[in-house]
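Student: Starting from the two chains in their separate frames, assemble the complex, guided by the hints.
First to last, the sequence lines map onto chains A and B. Be aware that the first sequence starts at 1, since it is given in our numbering, and climbs by one per residue. Be aware that the second sequence starts at 1001, since it is given in our numbering, and climbs by one per residue.
Take these hints with a grain of salt, some might be off.
[Said to hold, decoys possible] Cut-off 30 Å, straight-line C-alpha distance, at most; resulting in silico cross-link-like pairs (BS3-like, lysine-lysine): (1) B/Lys-1144 / A/Lys-643; (2) B/Lys-1122 / A/Lys-643; (3) B/Lys-1144 / A/Lys-512; (4) B/Lys-1032 / A/Lys-643; (5) A/Lys-447 / A/Lys-465; (6) A/Lys-608 / B/Lys-1045; (7) B/Lys-1122 / A/Lys-512; (8) A/Lys-643 / A/Lys-673; (9) B/Lys-1045 / A/Lys-639; (10) A/Lys-639 / B/Lys-1144; (11) A/Lys-228 / A/Lys-213; (12) A/Lys-673 / B/Lys-1013; (13) A/Lys-643 / B/Lys-1131; (14) A/Lys-422 / A/Lys-460; (15) A/Lys-512 / A/Lys-673; (16) A/Lys-643 / B/Lys-1013; (17) B/Lys-1048 / A/Lys-673; (18) B/Lys-1045 / A/Lys-618; (19) B/Lys-1045 / A/Lys-621; (20) B/Lys-1032 / A/Lys-554; (21) A/Lys-15 / A/Lys-201; (22) A/Lys-213 / A/Lys-15; (23) B/Lys-1032 / A/Lys-639; (24) B/Lys-1032 / B/Lys-1122; (25) A/Lys-447 / A/Lys-460; (26) A/Lys-554 / A/Lys-460; (27) A/Lys-554 / B/Lys-1045; (28) B/Lys-1048 / A/Lys-639; (29) A/Lys-512 / B/Lys-1048; (30) A/Lys-460 / A/Lys-512; (31) B/Lys-1032 / B/Lys-1013; (32) B/Lys-1048 / A/Lys-643; (33) A/Lys-378 / A/Lys-447; (34) B/Lys-1048 / A/Lys-554; (35) A/Lys-378 / A/Lys-15.
Don't read these hints as lab results, they were simulated from the structure.
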Amino acid sequence: MEMNQYLDMFIEESKEHLQAINDHLLLLEKEPSNIATVNEIFRSAHTLKGMSATMGFEDMANLTHEMENVLDQVRNGKLVVQTNMMDLIFQCVDILESMVVSIVNGGNGQHDVSSVIKHLRAIVSGESNDQGEQTGEQELLTLPVSELALDEFERSVIKQSIESGFTVFSVKTMVRDDCVLKAARAYMVFDSLESCGEIIKSIPTVDELEEEKFDKTFEVFLITKKQKSEIEKVVLGVSEIETVFIEEISLKETNSGQTLQEIHTSEQPSQVLASGEDVEHKNTTFKKSSTGKTIRVDIERLDILMNLFSELVIDRGRLEELSKESGNGALIEAVEHMSRISGDLQNIILNMRMVPIEQVFNRFPRMVRDLAKELNKKMDLVIEGAETELDRTVIDEIGDPLVHILRNSLDHGLESLEERVKTGKSETGTVLLKAYHSGNHVFIEIKDDGKGINREKVLKKALEKGVINEQQAQILTDKEVYDLLFTSGFSTAEKVSDISGRGVGLDVVKTKIESLGGMVSVDSTPGKGTTFLIQLPLTLSIISAMLVQIEGEKYAVPLSSIIETAVFKREQIMRAHQQDVIDFRGRIVPLVSLRNIFHIPLQDDHEKSEISVVIVRKGDKMAGLVVDSFIGQQEIVLKSLGKYLVNVFAISGATILGNGQVALIIDCNTLIK
Amino acid sequence: MEQELKGILNELKVIVFRLQNEDYGVEVNQVKSIERLEQITRVPKTPKFVKGVINLRGVVTPIIDLRGRLELEESPYTEDTRIIIVAVEDLEIGLIVDAANDVIDVPSSLIEPAPKVVGGVKATYLRGVAKLENRLLILLNLNKVLNLEEIQQLEELEG
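So that you can see chain B by itself, here it is in the shape it has in the complex (with noise of 0.2 Å):
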C-alpha cells in the first residue's frame, strides 16, 4: 500500500541501457556502479551466462552475460559494452550489457504491467513497461532476474 502510494507520487529513477536493440532500466538505487569491460577470469562448471569474476576495488564481483541470463541470443562484446554493477539485497552483481547511456527520471503514472513476452524476455523477469514520447521502456525485476534459487534449477537442467 505504502508503495503504492509512492509509486503514485514520485517518479522512478532510472538507468537506461540497451540490449538487443531494446531499452531497458533498472532502478538508480539498485546501481552502485558502471564499468567499462576489462579482463574477467572465467569460472569452470558454472551456468554458461555466468561469465566469471573481476576484481572490482578489491572485491572479487561476478559477473553474467544478461543476454544469457535473459535468454536472448548473446553477441559479442564491443567499444560500447559496459558492466552495471548492481546490489540486490545482498548480493553485488555485475551485468553485461549492450551499452549504458542514459538516466532517466519515470512518472510512474506511465508504468504498466508488462506483457506475457517482450522483446523475447519472459514477464516473470520485468517489472512493468513504461511508454515514454518515443520509445518503449522495461523495467527490470532485478529480484527475479538474479534469484539464486532459480539460478541453480537452471544449473540442474545443464547438469
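Isolated chain A, as found in the complex (with noise of 0.2 Å):
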C-alpha cells in the first residue's frame, strides 16, 4: 500500500490526538458547562476521523464519527455533560486506543464498535436522560455567557479574596503586531505579575499560551493588595507589549453578570463560544507557523547522532591524551579548542534528547481517575513539574516503576472513604505527583495525604518474612523499617488486590531505579501520608568521572557520588567495629579498600606512609574508597558490560578510555553499607 510511507506519522499523531482528548475529557469532568474545552475534543476527534478515514481504518473512522456527533450537539448547546456520557466517550478513547495499538503491530486496526456506537446514538437521540440534563441546562440558561470564563471554585476564590481585604483585577494585555516570541512575552507578564499577587486564572490556560495559541490578547485574573497603576506599569514594563487594559471585579451576588459582562468586552465571549469554524481556522494559522521551527526527527538518528559522539569523545581523550605528551604548544591549544566545541556539541546533542516528563505522566490522570472508580474512592491527582526534562532513555524506563508507586500509593496509601471521613479528612484524597530539577539530577515525587506507613504492621511482617529480627525490631528508626518495603517479596496489603501488590512489590521498582543510576526511598508521618522519592540522573549516556588507579587497574568513579578526594597520613586510620574509619570533618566514615573488594593482585608490597581516599555518599551515608592514585577528572561515555555479564558485584559498567583501554565505573552504591 503506498499509504505506507504516511503510515508512521499517522501512528504518531492518532496517539497526540488521543492523549489530548483524554486530557480534554478530565478537565471537561471537572467543569462541565466549559464549551472551550468540548471543541478542543470536537477538533481532536475531528482530525482523527479525517486521519482514519485517510488511511481506511473505517472502524475507526466510523466511530470519531458517533463520537463527534454526541460532541457537537454538546457544543451547540443541545447537550448536557453527564456521567454516563463521560464514561462511554472515556470508553471509546478506549477502543480507539486499542485501535492504534492493533496498527502500530501491523493489525488493520479492527473492532466491533457497533455496541459502542448504538449507545452514542441513543445519547444524541436523547433517550438517556436523567437528572443532571435538567440542572444543567438551568445553569446554562441561567449563567450569562461571559461567565462561562469563571467557574465555581475561582468564583469563590474571588469572593473570599475580596472579602478579606484583597483586590482582584482582570489584566488584559495585548502584544504588538510585530512580536516575534509571544509566548515569551506572555510568559514575562506571568512573571512579573506573579510577583505583585496571585495569578488564579488565565484565558486561554497558561499551557495554550506557552504553546502560542493565541492571537494577540490574553487575559488574567490577578488577586493583590497592589494598585490599578502600579501593575499596569510593572505590564508596560515587558517589552513589545502594546496595550494593557485592567479592570477591577468586584463579584457582587448581585450584579456579578453585568460587572462581569462589562470587563469581558466583545472579543472574549467570541473566544469562549468561538464557532468551529472560527476555532478551525485559527488551529491552522498556529500550525502554519510552527511548522517552520520544529521538525520531528526519529528516535534512532539521535541514537546514532549520540553513539557516533560517544567515540568522539573517546577520541577526544586520546587526543588530549597525546597532544600533553607532545608537548607541542600549537597543537595542545589546538585539541583544547576541540574539546571546547566538542563539549558545546556534547551540551545540544544530550539537549536534543530531552524530553518532558509530561510524556510519561501524561497517562497518569486517567489511570486514577479509572483507580479510584474501581477501589470506590475519591482522589485528585496534582501534576506539577511535568515540563521537567528527562533523558529520553530514563523516560522510556520511568514508566513501569511510577506506575507502580502510584498505584501502591491510591490503594494501600489512601484510605477508603469512610475512613477518611470518620478521622476527620475530606472525602478526596490527594496525590501530589511532582517533578524537579536540582543539580545534576532530577527529583520525582509521588506523595500522598493518606494514612501513612503502618510501622508496627511491616515490623509484623519482616519479622514474619524473616527480613530481620526481634533484636534489629526494636533499634530499627523508623525511616529504615520503612525502607523494609523495598526488601523484596515485602507486600503491606492484607487483602491482595488486583490494583497492587501482586507479590512482585516495591524492590522490583527499587531495583528498576537503581538500574537506571537512581535511587528511592520513602517517608511517612502517621495519619498524614506518605512520600516516595525518586532520584534521577539527568542522562545516562555521558557523565563525569573521576579516574583512579589501584596497582595496574583504572577505575572511574561518578563523580555525581563524590564529595571529595583526600589523602591521610596511615597513622589517622583508626579502627571501630572492626572497621578501618577515619575522621573526615568531624565525621566518622568507614573505609573501603578496593584493592580487598576487587581482589586486585598485589603488584608491589611496601607500604606507603599516606592513603588516598575518594569519600562518596549515598543519601547521608559516606563511606572512603581507598586507592592509589588520583588520575584525574574525565567525561567519560558508559557502557555496559553486555548481557553476558550481568550483577556483577559493584560494577555499573564499562568506558573507553583515550589509550583503547576499558575501566569499569564503581557502583558507589552497593559499597556504602
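Tutor: Put into C-alpha cells, the structure is as follows:
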C-alpha cells in the first residue's frame, strides 16, 4: 500500500490526538460547562476521523464520527455533559487506543464498534435522560455567557479574596503586531504579575499560552493588594506589549453578571464560545507558524548521532593525552579548542535527547480516574513540573516504576471513603506527583495524604518473613523500617488486590530505578501521608567521572557520588567495629579498600605512608574508597558490560579510555552500607 | 525436520581451533572475527573462566577462557593464542583458544553424535564429532557453552 510511508506519521499523530482527547475529557469532567474544552475534544476527534478515513481504517473513522456527533450536540448546547456520557466517551477513547495499538503491531485496527455506536446514537437522540441534564441546562440558561470563563471554584476564590481585603483585577494584555516570541512575552507578563500577587486564572490557559495558541490578547485574573496603576506599570515594563487594560472585578452576588459582562468586552465571549469554524481557522494558522520551527526526527537517528558522538568523546580523550605527551604548544592549543567545541556539541546533543516528563505523566490522570472508580475512593491527582526534562532513555524506563508507586499510593496509601471521613479528612484524597531539577539530578516526588505507613505492621511482616530479627526490630529507626518495604518479597497489603500487591513489590521498583543510576526512598507521617522520592540522573550516556588507579587497574568513580578526594596519613586510620575508619571533617567515615573488595593482585608490596581516599556518599551515608592514586577527572561514555556479564558486584558498567583500554565504573551505592 | 534435511544436503563450514591438542570447530556463521590477544580488563567477582572485557572496535566485549569454561586445565597464553569473537542469539563474546588456523567444509554425513566425554569435555557442550581423513573434529554447541543460566549456577557454586 502506498499509504505505508504515512503510517508512522498517522500513528504518531493519532497517539497525540488521543492523548489530547483524554486530557480534555478529564478537564471537562471537572468543569462540565466549559465549552472551550468540548471544542478541543471535537477538533481532535474531527482530525482523527479525517486521518483514519484517509488511511482506510473504517472502524476508527466510524467511531470517531459518532463521537463527533455527540460532541457536536454538546457544544451547540443541545446536550449536557453527564457521567454516563463521559464514561461512554472514555470507553470510545479506550477502543480507539486499542485500534492504534493494533495498527502499530501491523494489524488493520478493526474492532467491533457496533454496540458503542448504538449507545452513542442513543445519547444523540436523547434517549438516556436523567436529572443531570436538567440541572445542567438550567445552569446554562441562567449563567450569562461570559461567566462561563469563571467556574464555581474560581468565583468563590475571588469572593473570598475580596472579603479579606484583596483586590481582584482582570488584566488584559495585548502584544504588539510585530511581536516575534509571543509565548515568551506572555511568560514575562505572567512572571512580573506573579511578583505582585497571585494569578488565579488565565484565558487562554497557561499551556495554550506557552504553545502560542493565542492571537494577540490574553487575559489574567490577579489577586493582589497593589494599586491598578502599579500593575499597569509592571506589565508595560515588558517590551513588545502594545497596551494593557486593567479592570477591577467586584464580584457581588447582585450584579455579578453585569460586572463580568462589562469586563469581557466583545472578543472575550467569541473566544470562549467561538464557532467551530473560527477555532479551526485559528488552529491552522497556529500550525502553519509552527511548522517552520520544529521538525520530527526519528529517535533512532538521534541514538546513532549519540553513539557517533560517544566515539568522538573517546577520541577526544586520546587526543588530549597525546597532545600533552608531545608538549607541542600549537597542538595543545588546537586540541583544547576542539575539546571546548565538542563540549558545546555534547550539550546540544544531550539536550536534543531531553524530553519533558509530561510524556510519562500524561497517562496518569486517566489511570487515577479509573482506579478511583474501581476502588470506590475519591481522589485528585495533582501534577507539578510536568515540563521537567529527562533523557529519553530514562523516560522510557521510568514509566512502569512510577505506575507501580502510584498504584501503591492509591491502593494502600489512601484510606477508604468512610475511614477518611471518620478521621476528619476530606472525602477526596490527594496524590501529588511532582518533578523538579536539582543539580545534576531530577527528582520525582509521589506524595499522598493518606494514612501513612504503619511501623508496627511493617515490623510484624518483616519478622514474619525473616527479613529482620527481634533485636533489630527494636533498634531500627522509622526511616529504616520504611526502607524495609523495598526488600524483596515484601507486601504490606493484608488483602491482595488486583491493583497492587501482586507479590512483585517495591523491590522491583527499587531495582529498576537503581539500574537507571537513581535512588528511591520513602518517608511517612502516620495519619498524614506518605512520600516516595525518586532521584534520577539527568542523562545516562555521558557522565563526569574521576579516574583512579589501584595497582595496575584503572577504575572510574562517577563524580555525582563523590564529595571530595583526600590524602590521609596512615596514622590517621582508626579502628571501630573491626573496620578501618577515618575522621573526615568531624565525621567518622568507614574505609573501603578497593584492593580487597575487587581482589586486585598486588604488584608492589611496600606500604605507603599516605593513603589516597575518594569520599563518596549515598544519601547521608558516606564511605572512603581507598585507592593508590587519582588520575583525574574526565567525561566518560557509559557502556554496558553486555548481557553475558550481569549483576557484577559493585560495577555499574564500563567505559573506553583514551588509550583504547576498558575501565570499569564503580557503583558506589553498593559499597556504602 | 527442515534442519535435518539441510544437514544432509549441505556441507557445514566450520572454523577450526585447537584446545589442549584437540581440534574443535564452530560454525562459521556464528563467528564474527578472530582477534589477537590484547590487553584484557579484569572484571572482579566473576567466575574464574571470565577473563574480563576488551574494547572491540568501540564495543565492550566480554572474554572467556574456553579451556576454563569447558573445565579443561588452563594454560599460559602464547604467541598463537587467539580470541574468537562469536555471536550467539544476542550475545557477543570472545573465546580464548590455543590457536585458530583453519576453515574447512565438513560434509554433514560425517557428523556423528558425541560420545559421553571427548577429550575431557562433557557431551552436553558438544554438537557432535566429525571423523575426517586423518583427524577427529569436535563440534561445539555454543548455545550450551554460553548458556547464562548455567553460568549463574556455576557462580552460585563458587559463591
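Student: Just to be careful, I want the Cα atoms of A/Lys-673 and B/Lys-1013 compared with a cutoff of 30 Å; is the pair within it?
Tutor: violated (53 Å)
Student: Assess, step by step, whether the Cα of A/Lys-643 is no farther than 30 Å from the Cα of B/Lys-1131, and give holds or violated.
Tutor: violated (35 Å)
Student: Would you mind confirming whether the straight-line C-alpha gap from A/Lys-554 to B/Lys-1045 stays at or under 30 Å?
Tutor: holds (16 Å)
Student: Taking 30 Å as the top limit, are the C-alpha atoms of B/Lys-1048 and A/Lys-643 close enough?
Tutor: holds (18 Å)
Student: Are the Cα atoms of A/Lys-422 and A/Lys-460 separated by 30 Å or less?
Tutor: Within the cut-off at roughly 26 Å; holds.
Student: Against the 30 Å threshold, does the CA-CA distance of A/Lys-512 and A/Lys-673 hold or violate the hint?
Tutor: holds (20 Å)
Student: Can you confirm whether the C-alpha distance between A/Lys-554 and A/Lys-460 stays at or below 30 Å?
Tutor: violated (46 Å)
Student: Please work out if A/Lys-608 and B/Lys-1045 have their alpha carbons no farther apart than 30 Å.
Tutor: holds (26 Å)
Student: Does B/Lys-1122 sit within 30 Å of B/Lys-1032, going by the straight-line distance between their CA atoms?
Tutor: Given that 30 Å is the threshold and the Cα spacing comes to 25 Å, the pair holds.
Student: Run the distance test for B/Lys-1032 versus A/Lys-639: straight-line Cα separation, threshold 30 Å.
Tutor: holds (20 Å)
Student: Between the alpha carbons of B/Lys-1045 and A/Lys-618, is the straight-line distance 30 Å or under?
Tutor: holds (22 Å)
Student: Mind checking the alpha carbons of A/Lys-447 and A/Lys-465 for me, to see if they're no more than 30 Å apart?
Tutor: Holds: A/Lys-447 and A/Lys-465 sit about 27 Å apart, inside 30 Å.
Hint compliance for this structure: hints 7, 12, 13, 26 are not met, and every other hint is.
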